[in-house]
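*Asks:* Residues per chain are reported as follows:
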Amino acid sequence: MKQIEAQRNILDFTLSSLLRRKRKNAVLLLVYTLVVFLIASVMFFTHSIRREAALVLKDAPEMVVQKVVAGRQDLISGNYIDRISGIRGVASARGRLWGYYYDPIVGANYTVVVPETGQPQPGSVIIGDAISSSRKLYKGDLLAFRSHTGEAVLLQVEGTLSSESALVSADLILTSEDDFRELFGISKPFVTDITLKVGNQRELGTIAQKITRLLPDTRPIMRDEILRTYDSVFNWRGGAMVIILFVVVISFINFAWDRASGLSAEEKKEIGILKAIGWETSDVIMMKFWEGTAISLSSFLLGVLLAYAHVYITSSLLFEPFLKGWSVLYPDFRLTPYIDAYQISTLFFLTVLPYTVATIVPSWRAATIDPDVIMRT
Amino acid sequence: MIELADVRKVFNMNRPNEFTALHGVTLHISANRNTVLKGPSGSGKTTLLGILGCMARPTSGRIMLGEREITSLPERFLTEIRRRSFGFIFQQLNLIKGITALENIMVPAYPEGERRSQLKKRAVALLEVFGLGQKATSRVEWLSGGEAQRVAIARALINNPSVIVADEPTAHLDSKLSEEFMEIMQKLKGEGRTVIIASHDPIVYTSGFVDTVVEMRDGSVVDVRATG
Amino acid sequence: MILYPPIIALLLGSFLVSMMLLYSASFAIKILRSWDIKSGSELQLGLERKTYLISTIIGYAFGFQLISFFLFIYTADDLCVFFVGAMCAVGTLHVDPFGYPTLIMKILNFLLAGTWLIVNYTDNKAYDYPLIRKKYYLLLLITPFVLAETVLQLLYFLGLHPNIITSCCGSLFSAEAPGAAGGLIAFPSIPMKIVFYSGIAATLVSGAFFYRTARGGYFFSLLSALTFFISIAALISFISLYFYELPTHHCPFCILQKEYGYIGYVLYALLLSGALSGIGTGALLLFRKEASLVDIIPAITCRLTLASVLAYAVFAAITTYQMIFSNFKLEGY
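Protein chains in written order, with our numbering: chain A, 30 to 406; chain B, 25 to 252; chain C, 552 to 884.
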């Protein structure tokens with residue numbers, strides 16, 4: 030079709046004219062790529078961490094009941110379980126055993142948990158992959174613990190954990206109930222806390238109230254409160270990020286506008302010639318559109334690829350000091366890549382859209398040069 | 025063929041630097057003739073040329089192209105007409121630097137949406153007509169003055185226009201090339217085209233190939249003489 | 552408010568589009584006051600040059616409006632983890648009262664911008680800009696809607712605090728739920744199917760009739776707009792059930808997700824195209840008596856009618872296919 034052929038011709042001409050001005054366009058490409066890279070890195074990183082948090086919380090219980098003694102958490106009696114189960118609206122309740130174990134060799138805290146299902150054999154443990162790799166422990170090896178009495182307790186590694194979320198499993202050790210109680214000196218019927226499942230989400234508040242009335246020395250914690258906590262952490266750091274982002278985007282818009290307006294005399298002349306020999310304003314606008322598209326696409330692609338490499342391969346080399354503050358155990362933390370069309374389109378809105386808007390008016394101004402201008406000069 | 029009725033062109037109207045380039049020009053350009061607009065710089069020839077060539081709209085007055093009134097045509101229609109019916113040759117030649125001679129010739133036809141392979145064939149044929157077949161892939165910066173001139177003429181012909189418009193075409197040419205130019209214009213006239221040239225070069229306006237000389241001064245037509 | 556890149560992106564996008572529209576509106580006023588095609592004055596030439604800018608701006612706004620519609624739904628979907636009780640976009644949109652209005656405005660503005668572009672395209676084909684005034688009145692009309700959308704979206708996002716318990720599509724789109732959503736679900740499926748297929752059939756027939764005989768154009772246009780709403784209602788009422796293969800899952804947004812092959816995008820794109828082409832036809836028919844448009848409008852309306860009819864036909868085809876070949880049987884159990 031005629032229209033398509035005309036567009037192809039214009040596109041051809043545009044690409045050749047871009048190549049003719051390599052130096053000027055190279056600078057623009059560089060800055061554009063840098064902007065995309067920065068914003069994409071922040072986005073990929075935040076998105077991945079959020080995903081991991083969501084995964085953690087997916088299986089988190091809707092409510093956890095802890096015993097509070099003098100303002101601090103204490104072991105809670107398993108006898109409370111029956112009383113909580115009796116409350117109307119509670120579908121089920123169970124006790125949880127978990128705690129922290131400090132390993133002086135690596136200088137890190139492990140999270141020790143007795144899982145609900147899939148408990149290892151008594152005398153065995155299942156360990157997370159970060160522990161496995163940092164202490165070089167594999168299936169069949171023995172792991173030495175120091176129990177609460179000071180005695181050495183040897184447990185055999187039954188297997189390692191692989192989980193969708195590295196955040197969850199990395200420092201995890203799963204034990205059997207007997208081993209746990211022996212290690213930490215927690216006798217029956219005490220448990221660390223009690224978790225609940227409720228029938229109706231909307232009743233969570235009511236149930237929490239009933240529990241505090243029934244068991245005044247306890248404190249119920251709801252999952253959404255945890256969510257809020259996570260979120261406020263992200264928000265604080267996210268807020269700082271947003272301000273930086275904002276400044277970056279504004280500067281970029283300014284730069285783009287400047288670049289687009291600052292046509293060299295050479296470029297102005299070329300457009301004047303095009304208008305004079307029969308190109309219409311909309312043809313020149315299309316040319317400018319293709320120019321913008323070519324530059325945007327290349328910068329976008331390059332920026333995204335670099336950001337991907339940065340966040341997932343080099344583990345956010347540039348951001349780590351600002352954002353994470355993790356413990357000793359994760360010098361080589363690898364996030365799982367979570368990129369989808371949704372991320373890409375958000376990125377598009379944050380980079381290509383401002384660039385395009387910044388160049389609309391300068392492009393138009395360039396395109397509406399009078400055809401007879403080159404005759405008059 | 026082209027009819028102007030009381031055409032005025034004013035720049036910067038209602039401002040302190042208001043300037044009237046054309047004061048009520050009434051003119052008739054005949055088809056298939058070679059017309060020269062003669063006059064010193066500032067006489068308004070370039071402005072008139074622009075209006076005749078559908079590049080600019082008059083501030084007031086009317087202009088007819090054949091049977092059709094084009095005074096108030098929106099830019100996109102005017103440009104379409106200009107692209108298909110007019111071929112321009114400029115004083116400075118104004119070829120696009122950095123691309124080949126062949127590409128320069130094809131550029132005016134891009135918006136027409138012709139198949140590229142076909143367009144290329146026609147452009148090459150034009151180059152051959154002017155004896156520049158060998159120079160097709162040369163950058164225009166490397167061409168001699170005369171060669172560049174011929175490329176500019178070839179470019180003006182790519183859309184097979186019925187009117188050729190030239191603005192001071194011989195300003196940078198020596199006498200020999202100037203005469204060569206007038207011969208080419210005569211040949212084009214022989215093909216049935218109309219030629220309009222603005223020039224204050226005697227070689228042009230005293231040439232035997234010219235049919236009408238329109239003399240201009242200070243934005244008005246002072247004399248129209250049929251010669252040849 | 553949750554400071555989160557997609558939200559910032561949407562706010563930025565809407566803000567930029569609003570600014571562009573305001574700028575265009577101020578120009579529209581200038582045009583309405585001083586446009587005179589017969590004049591060759593510099594003012595007029597300047598105005599004509601400016602119209603290119605406005606067309607370009609609205610073109611971009613239209614494109615971003617479409618993308619932002621899907622991005623908005625996706626963001627709402629993504630945010631559902633923060634709201635207890637929300638399992639997909641439906642729940643998130645219900646968190647505060649501005650969610651659904653924003654969505655509706657996005658659709659409306661997409662259709663308005665699209666209509667403007669169709670009118671603009673037609674206007675440019677004539678020698679004397681016959682629709683210039685009407686076009687810019689329309690622009691002045693559209694601008695407050697775009698501004699309203701930006702404000703609503705902002706208010707919506709401001710109202711999102713992650714400790715709010717909301718309802719998920721289960722309770723919102725269930726027969727007991729109050730309001731239109733519940734009413735739609737509770738509506739027995741056979742009559743709803745009849746309404747849906749009648750709407751599609753009527754649109755296709757009147758479109759074909761108009762295509763052949765150039766009569767009944769307004770009727771067709773109205774029908775195509777009506778069918779848009781009927782189709783959405785049908786999606787919620789029974790079509791979605793066949794995609795989810797569950798008798799209680801009526802959510803209109805989950806079909807946009809990967810699990811269902813992103814079929815939602817195709818379906819919504821078809822519906823939006825069908826509606827836009829149909830409405831555009833109606834808009835152009837208003838002007839067919841204009842002298843310079845007499846020859847131009849029929850060709851354009853024919854193309855638009857064809858597009859609309861095809862879009863609805865393909866939509867009906869896909870959904871019917873799913874209904875026949877799905878493992879789910881709605882009636883007769």
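Simulated from the structure, these hints should not be mistaken for laboratory data.
Glycine included, every Cβ here is placed at the ideal spot set by N, Cα and C.
Take the hints with a grain of salt, since some may be wrong.
[Said to hold, decoys possible] Computed Cβ-Cβ distance ranges for the label pairs, DEER-style: (1) A:Arg50 with B:Ser141: 23 to 29 Å; (2) C:His712 with A:Ala294: 52 to 58 Å; (3) C:Gly767 with B:Asn184: 41 to 47 Å.
[As the list claims (entries may be wrong)] One side of the interface only, derived from the structure: several residues of chain B facing chain A at Cβ under 7 Å: (4) Gly66; (5) Gly74; (6) Met79; (7) Arg92; (8) Ser109; (9) Asn118; (10) Ile120; (11) Gly122; (12) Pro132; (13) Tyr134; (14) Gly157; (15) Asp191; (16) Ala195; (17) Lys211; (18) Arg241.
*Asks:* If a hint holds in the structure, say so; if it doesn't, say that too.
*Replies:* Going through the hints against the structure:
1. A:Arg50 with B:Ser141: 23 to 29 Å: holds (28 Å)
2. C:His712 with A:Ala294: 52 to 58 Å: holds (56 Å)
3. C:Gly767 with B:Asn184: 41 to 47 Å: Hint holds: Cβ distance 45 Å, inside 41 to 47 Å.
4. Gly66: The hint is violated - B:Gly66 has no Cβ within 7 Å of chain A, the shortest such distance being about 12 Å.
5. Gly74: At 4 Å from the nearest chain A Cβ, B:Gly74 passes the 7 Å test, so the hint holds.
6. Met79: holds (4 Å)
7. Arg92: At about 18 Å, which exceeds the 7 Å cut-off, the nearest Cβ of chain A leaves the hint on B:Arg92 violated.
8. Ser109: violated (10 Å)
9. Asn118: holds (5 Å)
10. Ile120: holds (6 Å)
11. Gly122: holds (4 Å)
12. Pro132: Holds. Min distance 4 Å.
13. Tyr134: holds (4 Å)
14. Gly157: violated (22 Å)
15. Asp191: holds (5 Å)
16. Ala195: Nearest chain A Cβ about 12 Å off; hint violated.
17. Lys211: With a closest approach of 21 Å, the B:Lys211 hint is violated.
18. Arg241: violated (19 Å)
Violated hints for the displayed structure, listed by number in ascending order: 4, 7, 8, 14, 16, 17 and 18.
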